[in-house]
Every structure is written in structure tokens, then in C-alpha cells.
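Chains as they are written, first to last, in our numbering: chain A, 22 to 343; chain B, 22 to 343.
No lab work stands behind these hints, which were simulated from the structure alone.
Wrong hints could be hidden among the right ones.
Chain copies aren't distinguished; within one or between two, either way the pair holds.
Heads up, simulated SDA-like pairs for lysine to any residue below, C-alpha to C-alpha not over 20 angstroms straight-line [said to hold, decoys possible]: (1) Lys317 <-> Ser62; (2) Lys258 <-> Leu237; (3) Lys328 <-> Thr221; (4) Lys65 <-> Lys311; (5) Lys245 <-> Glu156; (6) Lys217 <-> Asn288; (7) Lys258 <-> Asp124; (8) Lys48 <-> Leu187; (9) Lys121 <-> Met107; (10) Lys122 <-> Asn177; (11) Lys251 <-> Ile302; (12) Lys122 <-> Gly80; (13) Lys295 <-> Gln280; (14) Lys121 <-> Asn180; (15) Lys48 <-> Glu156; (16) Lys121 <-> Tyr58; (17) Lys45 <-> Glu157; (18) Lys48 <-> Glu191.
Quick caveat, the model's predicted, so the values are computed rather than measured.
2 protein chains.
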Amino acid sequence: MKDFQRELEEYREIIDKSLNAVSKTVKPGTIFEPVKYALESQGKRLRPILLVLVGKGFGADFEKLIPAATAIEILHTFTLVHDDIMDNDSFRRGRETIHKKWDINTAILTGDALMSLAFRELVKTQVEARHTLVEELSDAMLEICDGQKMDMEFENRVNVTRDEYLRMIEKKTGRLISVSCKIGGMIASAGDDKIKSLETFGKLLGVAFQIQDDLLEMISSEQKMGKSLKSDLKSGKKTFLVVDYLEGLEPCEKEDFMQFLISNADNKELIVEKFSERGTIDRTVHEIRKILEEAKREIANFPGDLKEKLHDFIDYISNRQS
Amino acid sequence: MKDFQRELEEYREIIDKSLNAVSKTVKPGTIFEPVKYALESQGKRLRPILLVLVGKGFGADFEKLIPAATAIEILHTFTLVHDDIMDNDSFRRGRETIHKKWDINTAILTGDALMSLAFRELVKTQVEARHTLVEELSDAMLEICDGQKMDMEFENRVNVTRDEYLRMIEKKTGRLISVSCKIGGMIASAGDDKIKSLETFGKLLGVAFQIQDDLLEMISSEQKMGKSLKSDLKSGKKTFLVVDYLEGLEPCEKEDFMQFLISNADNKELIVEKFSERGTIDRTVHEIRKILEEAKREIANFPGDLKEKLHDFIDYISNRQS
Numbered sequence: 022m023k024d025f026q027r028e029l030e031e032y033r034e035i036i037d038k039s040l041n042a043v044s045k046t047v048k049p050g051t052i053f054e055p056v057k058y059a060l061e062s063q064g065k066r067l068r069p070i071l072l073v074l075v076g077k078g079f080g081a082d083f084e085k086l087i088p089a090a091t092a093i094e095i096l097h098t099f100t101l102v103h104d105d106i107m108d109n110d111s112f113r114r115g116r117e118t119i120h121k122k123w124d125i126n127t128a129i130l131t132g133d134a135l136m137s138l139a140f141r142e143l144v145k146t147q148v149e150a151r152h153t154l155v156e157e158l159s160d161a162m163l164e165i166c167d168g169q170k171m172d173m174e175f176e177n178r179v180n181v182t183r184d185e186y187l188r189m190i191e192k193k194t195g196r197l198i199s200v201s202c203k204i205g206g207m208i209a210s211a212g213d214d215k216i217k218s219l220e221t222f223g224k225l226l227g228v229a230f231q232i233q234d235d236l237l238e239m240i241s242s243e244q245k246m247g248k249s250l251k252s253d254l255k256s257g258k259k260t261f262l263v264v265d266y267l268e269g270l271e272p273c274e275k276e277d278f279m280q281f282l283i284s285n286a287d288n289k290e291l292i293v294e295k296f297s298e299r300g301t302i303d304r305t306v307h308e309i310r311k312i313l314e315e316a317k318r319e320i321a322n323f324p325g326d327l328k329e330k331l332h333d334f335i336d337y338i339s340n341r342q343s
Numbered sequence: 022m023k024d025f026q027r028e029l030e031e032y033r034e035i036i037d038k039s040l041n042a043v044s045k046t047v048k049p050g051t052i053f054e055p056v057k058y059a060l061e062s063q064g065k066r067l068r069p070i071l072l073v074l075v076g077k078g079f080g081a082d083f084e085k086l087i088p089a090a091t092a093i094e095i096l097h098t099f100t101l102v103h104d105d106i107m108d109n110d111s112f113r114r115g116r117e118t119i120h121k122k123w124d125i126n127t128a129i130l131t132g133d134a135l136m137s138l139a140f141r142e143l144v145k146t147q148v149e150a151r152h153t154l155v156e157e158l159s160d161a162m163l164e165i166c167d168g169q170k171m172d173m174e175f176e177n178r179v180n181v182t183r184d185e186y187l188r189m190i191e192k193k194t195g196r197l198i199s200v201s202c203k204i205g206g207m208i209a210s211a212g213d214d215k216i217k218s219l220e221t222f223g224k225l226l227g228v229a230f231q232i233q234d235d236l237l238e239m240i241s242s243e244q245k246m247g248k249s250l251k252s253d254l255k256s257g258k259k260t261f262l263v264v265d266y267l268e269g270l271e272p273c274e275k276e277d278f279m280q281f282l283i284s285n286a287d288n289k290e291l292i293v294e295k296f297s298e299r300g301t302i303d304r305t306v307h308e309i310r311k312i313l314e315e316a317k318r319e320i321a322n323f324p325g326d327l328k329e330k331l332h333d334f335i336d337y338i339s340n341r342q343s
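The task is simple: from the sequences and hints, build the whole structure.
What follows is the structure, given as C-alpha cells:
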């Protein structure tokens, strides 16, 4: 596991360098500073690392994977910039969000510039069918937008079912992680069957990751998470925990519970206690574990080395505290 | 000229059909309706038509040009959706803007989805170096974002110079028209010299088009223009006319004039009268003519047929009333 963490660290550094190189290609202008600010933000780089792990595992050269890995991280950064506007979050990756540091219009334009840069970076990939990569990323983008819209619509509803929630995060979080794995496999010419499995594996990983994020947002500190947490409670966002808890309530109790979350957004201990009493925390942990097991089954017939690394990756993200 | 208008009409219909086909590829979902609404909006389709005219003029098959032409129009539509949020305009292409009909967050996501669709469409182009088209469009996008940001920043300044204004519209409007011409030339393999000329020609055409738009916004009706006009005056937007008029004033008079525009946004006749008295309208008309002459010189050594069509195109847009 230590070797694996060193490997991740190595990839992360290379991706950071690549992101910096992209920010240098942006011509000085009024949009330059916020774009640079966004590209220089520190992140876990989970999506590009996953793309690299998968691509290398199926035999692609590391170098060949960097443009696509960089593109994926830029696209992820873009989604954060626009999502933060919509969710009115003021804190992200340990720094002020762009719409807080500048203004909303600047943040809209910065996001737009980032998406455009992502496609520019993606087509640098040295494979013949570069256009299929663009198609994949574009299809993913549409679903991600759809997922974000569902997420916002759920804020105004108290009867969101577990299935609806899962469909939403499959789009919003699962889709980009899924396409990261898929593109890694495509660049490595892993073959149709394996690419299909990669897609499913990535989707499951993304869903588990999101549910774990929902959990960490309740039991971790803002400082550790590097982003605003209260605003989710105040806006009525439906996390796995909230949906699970709501499912156990009578229809007439649901509104009251949402009010309780809003009023007690500053007192997370109290909310966690309530969740615990009804078994929500346990069910959440169980759900994450179940989905990750399913993800492991999906890659059961992958080459041994890659399988081991992906298992390490799962352990790595399951054990994260932020 | 009648034949030419028939030709434009034919292209417009084909581009409209292609846009409709794109909207059918978007999977039903929460973002589907506004994306469809945006793609179905009626526009002049000047940019894709220009791409087609240029591409055909340099020998490319019509069919081969359609994906890129469609991509350009989708990208243009995307800029309108996001610009309308920033400018808080409620009326566009004769209909409610997306952020008015839905809400701001939906409009942000719809724009994002459209940009992503534009790149997807672009890579359908059947040329070997498709990735260079993506690079061109992405580079253009960055400058367009930059131009939009400059435009907004100018709203809060009274000392914007004519040069600054021209640089802003070169980015905001000129760049997309320039890249439309360039991509048409690239798909037709027109050769480096011609492609360079196309780029300059498009930029000049775009600048002239924007100044004419500034003029029409003052002397045409909202109904004809199909978009909100008052909001530009109220927000302090710097059009060619405003910048020209401000240049003739003493520093201490400038703020008062901007206040005058805001207070009289409903009385355009009065404003136009003021502009006329100081020769602003004449200078604006002269500037448009001058730039269009420069554009014509840029294509002086183009094949005769194409040159004639581009001259017709210039006449067509110079004579427009909306």
C-alpha cells in the first residue's frame, strides 16, 4: 500500500505539472487570472489518476495518457466552478470559490473557458480515433449537467426516493468517473468487453464515492474537506443520509425533518446523533461497502496487476477522511 | 442578389434541420427541454452560412461542411444563453431567454450542455486533422470569454477608448466569425495564405457587424431585433456610439452623459437626436463602411465566384434591418 501511495503521489505531481502547463497556454487577458486560479487549485486528482491506472494497466504508455488525464481534471474543475455558483458555496479546495473571489459572471466565463480547454487538451491524445474520445466526453458532460439539475430540483422535494437519488449521483458524480475509466481503456485499446466493464466499474466507484462524500460531509470538519458544508444542509440538498432518513418517516413528518436540518445546520453533532439513532449512518456505511464489492466483481477478470491496483485504489478512497 | 438570397435561404434551412437533428440526440432528461428550446430558436445563421460559403468557394463538398457549420451555430447559441444571464436580458430571438423562462441555474447548465454538444458535432467533420478544428474552436472560445468579460468591465467605466472598444468586439464578436471563415477554409484545404486572409476577413466582418448591431439597437425596434434593447442603455454598456460620443466630451461631462442614457433608456429618439447632433451616427456609418472596404481588400485575390458571393454577403448584412 505504501508503494501504491507513492505511485499515486507521482501521478498527482505529473498531472499538477500538466495543469500548470495548460494554464501557461492561456493568453494574458481579463479571464486569465481566474482560469489560472482554477487550474492551480489543489485537488485529489482521483479521476485523472484512475484514467492513468487503467490505461497503464491495459498497456498504454504513461505519456500517451497525460493529455486525456489532464482534460478530465480540467473538466472536473469546470464542474466545480459552475456547481459552486449554483450551490452558492464560498469555499472549495481550501480556498475561496471563484464567484466569491471575483463575481458570478466571471465564474460563469471561467467555467466556460475551462470546458473549452478540456476539449483542447483531450484532442492532443495520440490515438487515431481522437474524435471518439471527444464524443465520449461530450456525452458524459450532458449527463453531468442533467445530474446537477436533478440535484437542484431535489432540494425542493421531500419525497425523493433512494432510486431517484442513486440515478442522480450516477449522472452527477458517477458519469465523469465512469468516462475517466472508459477513456483510459480506449486509449489502451483494452477491447470492447473490458471497456464495458471499466464503464460500469467507474460508475459504481463514483456512486460509492459520492455516498461516502455525503457521509464525510456530516462527520468530517470543513477544514478537512476544504469546502463549505453547512450550505448543503441549509439549501435542503438531498444526500444519501437525508434520503435514507426521510424514507423512514411518515409523510407528515418529512417537512419537519427538513426544517430541523436547516435550523441545526451549525450543530452537526446533533444531526449525526439523530441519523445514528435510526440506523442511517450504519446503512450508509453498508451501502458504500456493498457498491464497492459490486465494483470489485465487475473487474474480477482483469489482469492481476491492474486488479490489485484498482483494489488498492478502492481501499485508498474508502479510507479517506476528506 | 435574388439568387444569392435563395442560396442563403437554402443553407439556412439545412442548418436548421441539422440543429434539430442534434436536439434529437439529447436524451430525455431534466436538461433536455431547455437545450431543445435553445437549439430550436430562430436565428440568422450568419456564421454557419459564412463557413459554408467559404468552404464551398474553396472546393469542399457541402455535406462535408455541415457538422462544423452546425457546431459553430451551437457554440454561438451557447454564448447567447450565457451572455443573456450576465446581461440580464429577458428577450432574445423573439422569445423569452432561458434564464427567464426557467431560471439562472438551468441557463448555466443549458449553456454548458450546448458547448459540449458543439465540440461533439465538430469532430464529426470528415477531415483527417479533426483535432486542429477542436484546437481552433477552443482558442476562439477563450478569446470570446475574454471579450465578454471586457464588455462587462467597460460598463463601469466612462473612459473606454475607441481602440479598447475595438479590441473588445474583435474578441467578443469578431473571433467567432473569424474562426467560422477559417474552419471553412481549413476543411476545404484552401492553403495557408488564404486561410490567413479568411481569418482577417472574418474578424473585420465581425467587427463591422457588431458596430452595425450597436447602431441598429438604437435606430431599430425591439420587435425587429427580437431582443431586449433598453437593458444595454440601463447597464451602461459601451457601444461604438456611446464610446464615440464620450470621446467628444470633457472628462467632467462623461458621467452626466451616462446618467442621461440611463434616465432616457425609454426615449431612444431623444438619444439618437443627441448622437446625431454631434455627428456620432455619421461617424458610425462611416466606420462600418471603412471596415467593410478593408474586409473586401483582404479577399481581393480570392477566386472570382467566391469573391462575388462574399461581396453579396457583405451587402446582405449591411442592408439588414435587424
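Evaluated hints:
For the homomeric pair Lys317 and Ser62, neither the shortest alpha-carbon distance inside one copy (31 angstroms) nor that between copies (47 angstroms) is at most 20 angstroms. For a Cα distance limit of 20 angstroms, the shortest separation of Lys258 from Leu237 inside one copy, 15 angstroms, qualifies, whereas the shortest one across copies, 46 angstroms, does not. Proximity of Lys328 to Thr221 under the C-alpha cut-off of 20 angstroms is restricted to the intra-copy arrangement: shortest distance 15 angstroms within a copy versus 54 angstroms between copies. In this assembly of identical chains, the alpha carbons of Lys65 and Lys311 never lie at most 20 angstroms apart, being 24 angstroms within a copy and 54 angstroms across copies at closest.
When the C-alpha separation of Lys245 and Glu156 is checked against a cutoff of 20 angstroms, the pair qualifies neither within a copy, at 36 angstroms, nor between copies, at 38 angstroms. Taking the shortest alpha-carbon separations for Lys217 and Asn288, neither the intra-copy value of 44 angstroms nor the inter-copy value of 63 angstroms comes in at or below 20 angstroms. Proximity of Lys258 and Asp124 under a CA criterion of 20 angstroms is satisfied inter-copy only: 18 angstroms between copies versus 23 angstroms inside one chain copy. For the homomeric pair Lys48 and Leu187, the shortest alpha-carbon distance between copies (18 angstroms) is at most 20 angstroms, but the shortest distance inside one copy (41 angstroms) is not.
Taking CA atoms no more than 20 angstroms apart as the test, Lys121 paired with Met107 passes in both settings, with 12 angstroms inside one copy and 16 angstroms between copies. In the homo-oligomer, the alpha carbons of Lys122 and Asn177 lie at most 20 angstroms apart only across protomers (18 angstroms), although the nearest pairing inside one protomer, at 28 angstroms, exceeds that limit. In this assembly of identical chains, the alpha carbons of Lys251 and Ile302 lie at most 20 angstroms apart only when taken from the same copy (18 angstroms versus 55 angstroms across copies). In the homo-oligomer, the alpha carbons of Lys122 and Gly80 never lie at most 20 angstroms apart, since the shortest distance is 43 angstroms inside one protomer and 50 angstroms across protomers.
Only within a single protomer do Lys295 and Gln280 lie at most 20 angstroms apart by alpha-carbon distance; the minimum there is 14 angstroms, versus 57 angstroms between protomers. Proximity of Lys121 to Asn180 under the C-alpha cut-off of 20 angstroms is found in neither arrangement, the shortest distances being 32 angstroms within a copy and 27 angstroms between copies. In the homo-oligomer, the alpha carbons of Lys48 and Glu156 lie at most 20 angstroms apart only across protomers (14 angstroms), although the nearest pairing inside one protomer, at 27 angstroms, exceeds that limit. In this assembly of identical chains, the alpha carbons of Lys121 and Tyr58 lie at most 20 angstroms apart only when taken from the same copy (13 angstroms versus 31 angstroms across copies).
For the homomeric pair Lys45 and Glu157, the shortest alpha-carbon distance between copies (17 angstroms) is at most 20 angstroms, but the shortest distance inside one copy (27 angstroms) is not. In this homomeric assembly, Lys48 and Glu191 come within 20 angstroms of each other (Cα to Cα) only across copies, at 15 angstroms, whereas the closest approach inside a single copy is 36 angstroms.
Of the numbered hints given earlier, the model fails hints 1, 4, 5, 6, 12, 14; all others are met.
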